Each structure stands twice: as C-alpha cells, then as structure tokens.
Amino acid sequence: MSSRRLILYPSKSRPLRDLLLAEGVEFPCGGDGTCGDCKIRVLQGSVPVTPAMREFLSESELHGGWRLGCCAAASGANGEAVQVEVRQWQTVILSDDVPLAFERREGFGAAVDLGTTTVVVQCVDLSTGEIAGSESALNEQARYGADVMSRVQHAIGYPRVLGAHIRAQIGAMLGAAAGGRALTEVLLAGNTVMHHLFCGLDVEPLAGVPFRSGALGARSFAGVELGWDDFKESAVTFLPCAGGFVGSDLLAGLLASGLAEARDAEAIFDLGTNGEIAVSDGKRIFCASTAAGPAFEGGRISCGMRAGPGAIHRVERDGAGSRFQVIGGGTAHGICGSGLLDAVACALDAGVVFASGRIREQERSIPLSDGLHLTQRDVRELQLAKGAIASGFALLKEAAGVADVKRIHLAGAFGNYVREGSARRTGLLPQAGAAVHAAGNTALRGTRLLLLRPSSRERLLADLAARIQHVELAAEAGFQDAFVEALPFPE
Numbered sequence: 422m423s424s425r426r427l428i429l430y431p432s433k434s435r436p437l438r439d440l441l442l443a444e445g446v447e448f449p450c451g452g453d454g455t456c457g458d459c460k461i462r463v464l465q466g467s468v469p470v471t472p473a474m475r476e477f478l479s480e481s482e483l484h485g486g487w488r489l490g491c492c493a494a495a496s497g498a499n500g501e502a503v504q505v506e507v508r509q510w511q512t513v514i515l516s517d518d519v520p521l522a523f524e525r526r527e528g529f530g531a532a533v534d535l536g537t538t539t540v541v542v543q544c545v546d547l548s549t550g551e552i553a554g555s556e557s558a559l560n561e562q563a564r565y566g567a568d569v570m571s572r573v574q575h576a577i578g579y580p581r582v583l584g585a586h587i588r589a590q591i592g593a594m595l596g597a598a599a600g601g602r603a604l605t606e607v608l609l610a611g612n613t614v615m616h617h618l619f620c621g622l623d624v625e626p627l628a629g630v631p632f633r634s635g636a637l638g639a640r641s642f643a644g645v646e647l648g649w650d651d652f653k654e655s656a657v658t659f660l661p662c663a664g665g666f667v668g669s670d671l672l673a674g675l676l677a678s679g680l681a682e683a684r685d686a687e688a689i690f691d692l693g694t695n696g697e698i699a700v701s702d703g704k705r706i707f708c709a710s711t712a713a714g715p716a717f718e719g720g721r722i723s724c725g726m727r728a729g730p731g732a733i734h735r736v737e738r739d740g741a742g743s744r745f746q747v748i749g750g751g752t753a754h755g756i757c758g759s760g761l762l763d764a765v766a767c768a769l770d771a772g773v774v775f776a777s778g779r780i781r782e783q784e785r786s787i788p789l790s791d792g793l794h795l796t797q798r799d800v801r802e803l804q805l806a807k808g809a810i811a812s813g814f815a816l817l818k819e820a821a822g823v824a825d826v827k828r829i830h831l832a833g834a835f836g837n838y839v840r841e842g843s844a845r846r847t848g849l850l851p852q853a854g855a856a857v858h859a860a861g862n863t864a865l866r867g868t869r870l871l872l873l874r875p876s877s878r879e880r881l882l883a884d885l886a887a888r889i890q891h892v893e894l895a896a897e898a899g900f901q902d903a904f905v906e907a908l909p910f911p912e
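Going letter by letter, the sequence shown gives residues 422 to 912 in the working numbering.
By construction, these hints were calculated from the structure, which means they are not laboratory data.
Take the hints with a grain of salt, since some may be wrong.
Each pair of labels, with its calculated beta carbon distance range [unchecked claim]:
| id | residue 1 | residue 2 | range |
| --- | --- | --- | --- |
| 1 | A597 | T796 | 53 to 61 Å |
| 2 | G648 | R785 | 37 to 45 Å |
| 3 | A741 | A859 | 27 to 35 Å |
| 4 | E625 | D651 | 28 to 36 Å |
| 5 | Q901 | R798 | 20 to 28 Å |
Model, not experiment: these values are computed from the prediction.
Even for Gly, the Cβ is constructed at its ideal location relative to N, Cα and C.
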C-alpha cells in the first residue's frame, strides 16, 4: 500500500471536500455520504464529525482521526491548514496484447476502452498491427460516483462537466501512448453512459425506466472538436451501442471472444460495475445489462478495495481456518472482488454463512487477515451483485430458448482473476455444465480488431446489429421473481 499526505487550505469558497475532489479523492456514492468508502485520516487541523460519519465509522476510528472525505466540511475560516492522509490504491488494470489479423496501411491509430472504472489506451502501428504504446488509468469521472447511475444523476445536474473531464483525460493519455506520433484514427468503445457522456449527448433518457435513448449510433469527430490539440486532424469514432446500458464494449467483446462466430450456445459476462451479459443460441444474440454495482471491484464493502498492493485477492480453506494471499505480500489493507468471492465461498463451506446469506449468530462477521472482517452488509452486497448477474443470465437463456450454454466467456479484470470454484459455489456461475473461459479485456481487443480491419468494420458491426436483440430486464414480467430466486447461495 502507498499513501499520500496532503496539506490543504480550505476556505468558505473552497471547503475541504472540494479540495479533496480536486486532488483526485474518489467519492464512490457521488458525495452523498451513503457508502462510507472515501475515508481520510486527519493529521493536523480540525474536521467536524457529521452524522453520516458516525453511521459508517466506529468510535475508535473517529477518535483516531478518520473522517469521510465527501462530508469533510472544514472551511478554514482563519486560514488554518488541514493535513490529511489519503490512501491511494494502485489498481491492477487489465490491458491486452493478443496478436490480431490486420489490413496493412500506413500510420498509427489508437484503440480506447472507456470503462466506468478504468480507461485503457493503445497506440497501434497500422503497418504491422503491433502495439506501439499504451496507457491505463482510473476513470477520473469516478470522483463523481462509482456507478453509471451516479454519473447520470450528476450529468443531469451539471451538463457537460463529466464529458469535458473524460475527453481531456483521454486526450492526455493518447499523447502519452503515441509518444509524439500522429494518429490517423482513434476508435473508442464503452457502455451507453460512457458513450453519451463522451459524445456530449443527453443522458436523461437513461435515468429511468425504460432506459431507452434514441442516440445509440456511432459518433464521429475530428480531434480538434474534442479539444485534442496534438491530434486535431485525427478521425475519432465512438462505436455504436446495442441498447439500454449495453454499449460498444460488449459488441467489441462479442467479436474478440469469438462468440459472434460461435455455432453452439455460448455466453459472455463482462463483470464490472455495469454488468453486461450476452447469450447466443448459435444464430441470434440476446444481450442485457445488470446493475451489479461496484462490489466485484471492492466497492461498498466495509474493507473493500480495488485489486492492488495490500488487497486480499485469494482465500482458501486451510484445516479449521483460512489461508489468505495478499497482492504484493505483507500486511492486508483490504479485500478486492476476487478475494470477496473466495471468502464468502469458504464461509459457506465452513457453515459460517447460511444459504440465506445470514452470518451464523455466534460469528457476527467473517474474520479475514490482519484484523479485517466482512460484515453482514458486505455479504448482502455480494448477494445483490451476483443475484443481478445470475438472474439476468437466466432470463437471457429463456429468451434465447436454450436450457444451458456450452461455454461462458468471462471478460474484464474481475472475470480474469475470479476463481471458477468460488464463482460456482456462490451462485454467480452455474454450479455445473458450461465450461468457463477467462477472456481478458475483450472490449479493448475487439476495438483494436475493428481498428485493424477498416474495410470489413462496417460489415462486422452491421452483422452484429442484425443478430442482436436487446432485452430490458427491468421490463421483463419475470425479472423480480428471477432476481429474488437468484439471491440465496446454493445449498
């Protein structure tokens, strides 16, 4: 783990909360004080304790100087400095370097995977198909909320702010990845909210049922329109969405995973903050998005963190106890998504957690390493996340008319690191049957695939559009029943 110490000078016009935002401190719930995941420790100065802080922090934590950054209202009326410790987790961001077939042309291009949580940029030599440079970072929009709905609400209140943020961030990342090279073309993929925010489109249609926007198509720009001074002449295209919250990231994933060409029943899960699922019957493809929330990335978990140094990422039963693996070794400072799934799977096997999700009364919590533990609320967060995925999968299979699939592709960072046994034990994946394949960052690979095949790009996308049917899960008659049925853990 690494941490930063900041000396800040709050004022009435710029209270401590705003200064923390400017320094990149993330407020996963959008600053509403409802998640408790923006802890800071006050080393110097006074930051008043608020009711929201008392809800999420223990008396010992408050006494030790811990506060919630989003509620930090110190205004420094007398010019006093406030020194705080901010824990910054180094995040494992999944890139992709799988060689792909290409059509030779001169110059350089770029593929961009614009995720809710992370952004990955690859500069590609169009004459060789090789990756000439890459950059990855956390999506800077995360300071306004960890999930897409938080971003949508912020964008409705403050139009153009989030779009300007992400365009500027990607422009800077392109500059670093390209290393002074001109870029002929830039292709971007992302979910529907990322598409709308980047392109400056109205997100209000995505704020409520039926979550339908009339602006799902590809959008093209010249770099100068986006404020990219180093790439004024670059042709920039954000790939089209499929519908609802299902964006071009899933379309790219269908191509990269091979599911688009599969003749058997197959499925792909992209298990991020915005969970996306597609099921193919060998001809048609049914897709949907699920509000899985940030639990798979450690969000809204009392000791949760992203996958990085200090995170428990593996838990295994060891006799009467458990054995823990920490990224980077040393002391554990939290638990990431794969570790969370492992820990609950082990607790289920040990009888500490019942199928209902209730923790055994004698335990009251699930002990982890180095004094950390999972609470009843943490288990519930995992149940909600896996229930959203499992119920979405069940309804898509029903729509496709298939009893089961032969293969499940797990895309994204969480899908790459999760252990299959734990995913089956907790009910995130079927307990038997389908073979499971960790597919990697298929959104990035599929975007690079399309970048390298300009003559067949439109045909590939048109073929997918003709075969895809978007299913709005919330509007399905059996959705609530399927969701409730998916909440318990398998016996």
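Which constraints among the numbered hints does this structure fail? Numbers only, ascending. Hints 1 and 2 contradicted; others consistent.
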